[in-house]
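Novice: Using UniProt numbering, you'd call the opening residue of the sequence shown number 1 and step up by one each time.
Treat the hints as calculated values from the structure; they're not laboratory data.
Heads up, some of the hints might be wrong.
Unchecked claim - Using 20 Å as the maximum straight-line C-alpha spacing, the simulated SDA-like pairs for lysine to any residue come out as follows: (1) K13 - C30; (2) K77 - S55; (3) K63 - Y7; (4) K77 - C30; (5) K77 - A56; (6) K77 - G31; (7) K103 - D16; (8) K22 - K48; (9) K77 - L53; (10) K48 - A93; (11) K108 - Q38; (12) K48 - L58; (13) K48 - N5; (14) K77 - Q29; (15) K13 - G94; (16) K22 - L58; (17) K63 - K108; (18) K108 - Q92; (19) K108 - G94; (20) K103 - E79.
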Amino acid sequence: MTAINDYIDNEVKSNDVVLFMKGTPGFPQCGFSGQVVQILDYIGADYKGVNVLDSAELRQGIKDYSNWPTIPQLYVKGEFVGGCDIVREMFQAGELQDFLVEKGVSVKGAA
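Between the sequences and the hints, there should be enough to build the whole structure, so can you do that?
Specialist: Below you can see the structure in the form of structure tokens.
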């Protein structure tokens, strides 16, 4: 385990919902990150955004950590959910909200 891996591991395990993204939730720096932010904001999920543009080491580290080649990456309760396409598909199918609620994450308009 490298220091960057420890950092990622800690972020993933200490936040219920964490999005590794390009930019910040208030200022996404790529369209895919922006889409995931819009979806999470729309369903009212509380999440932490981690800007991978802060460090090349982090940008590569998150890809190694998840064994997933692209960013953004969404984690819920320590579990890798997926990138933009997966999050969007789950959202459109109504599965993302259910998944979050099942995991104990409160979302807007959830029972």
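Novice: Could you run down the list of hints and mark each one as holding or not?
Specialist: Outcome of the hint check:
The straight-line distance between the Cα atoms of K13 and C30 is roughly 25 Å, outside the 20 Å bound, and the hint therefore fails. Between K77 and S55 the alpha-carbon distance is near 24 Å, which puts this suggested pair outside the 20 Å criterion. Proximity of K63 to Y7 is assessed by CA-CA distance (about 14 Å); at most 20 Å being required, the pair is judged to hold. A hinted pair counts as satisfied when its Cα atoms are at most 20 Å apart, and K77 with C30 does not qualify at roughly 25 Å.
Restraint check for K77 and A56: the C-alpha separation of about 25 Å exceeds 20 Å, so the hint is violated. With a C-alpha separation of about 25 Å, the suggested pairing of K77 with G31 is violated against the 20 Å cut-off. For the proposed pair K103 and D16, the alpha carbon gap of about 9 Å is at most 20 Å, so the pair holds. Annotation: proposed proximity of K22 to K48 holds, straight-line Cα distance about 13 Å (limit 20 Å).
The straight-line distance between the Cα atoms of K77 and L53 is roughly 23 Å, outside the 20 Å bound, and the hint therefore fails. Annotation: proposed proximity of K48 to A93 is violated, straight-line Cα distance about 24 Å (limit 20 Å). The suggested pairing of K108 with Q38 holds, with an alpha-carbon distance near 14 Å, which does not exceed 20 Å. As the CA atoms of K48 and L58 are separated by approximately 16 Å, the hinted pair is consistent with the 20 Å bound.
Between K48 and N5, the direct Cα distance comes to roughly 18 Å. Compliance with the 20 Å bound is thereby established for this hinted pair. A C-alpha spacing of about 25 Å is found between K77 and Q29, which places the hinted pair above 20 Å, so the restraint is violated. The hinted pair formed by K13 and G94 fails the criterion: a straight-line CA distance of about 25 Å is larger than 20 Å. A distance of roughly 11 Å separates the Cα atoms of K22 and L58; the hinted pair therefore holds under the 20 Å criterion.
Restraint check: the Cα-Cα separation between K63 and K108 comes to about 30 Å, which exceeds 20 Å; the hinted pair is violated. Distance check on the hinted pair: K108 and Q92 sit about 16 Å apart at the alpha-carbon level, within 20 Å; holds. Proposed proximity of K108 and G94 is supported: the alpha carbons are some 13 Å apart, at most 20 Å. At most 20 Å may separate the alpha-carbon atoms for a hinted pair to count; K103 and E79 meet this at roughly 10 Å.
Going down the numbered hints, you'll see the structure goes against 1, 2, 4, 5, 6, 9, 10, 14, 15, 17, while the others check out.
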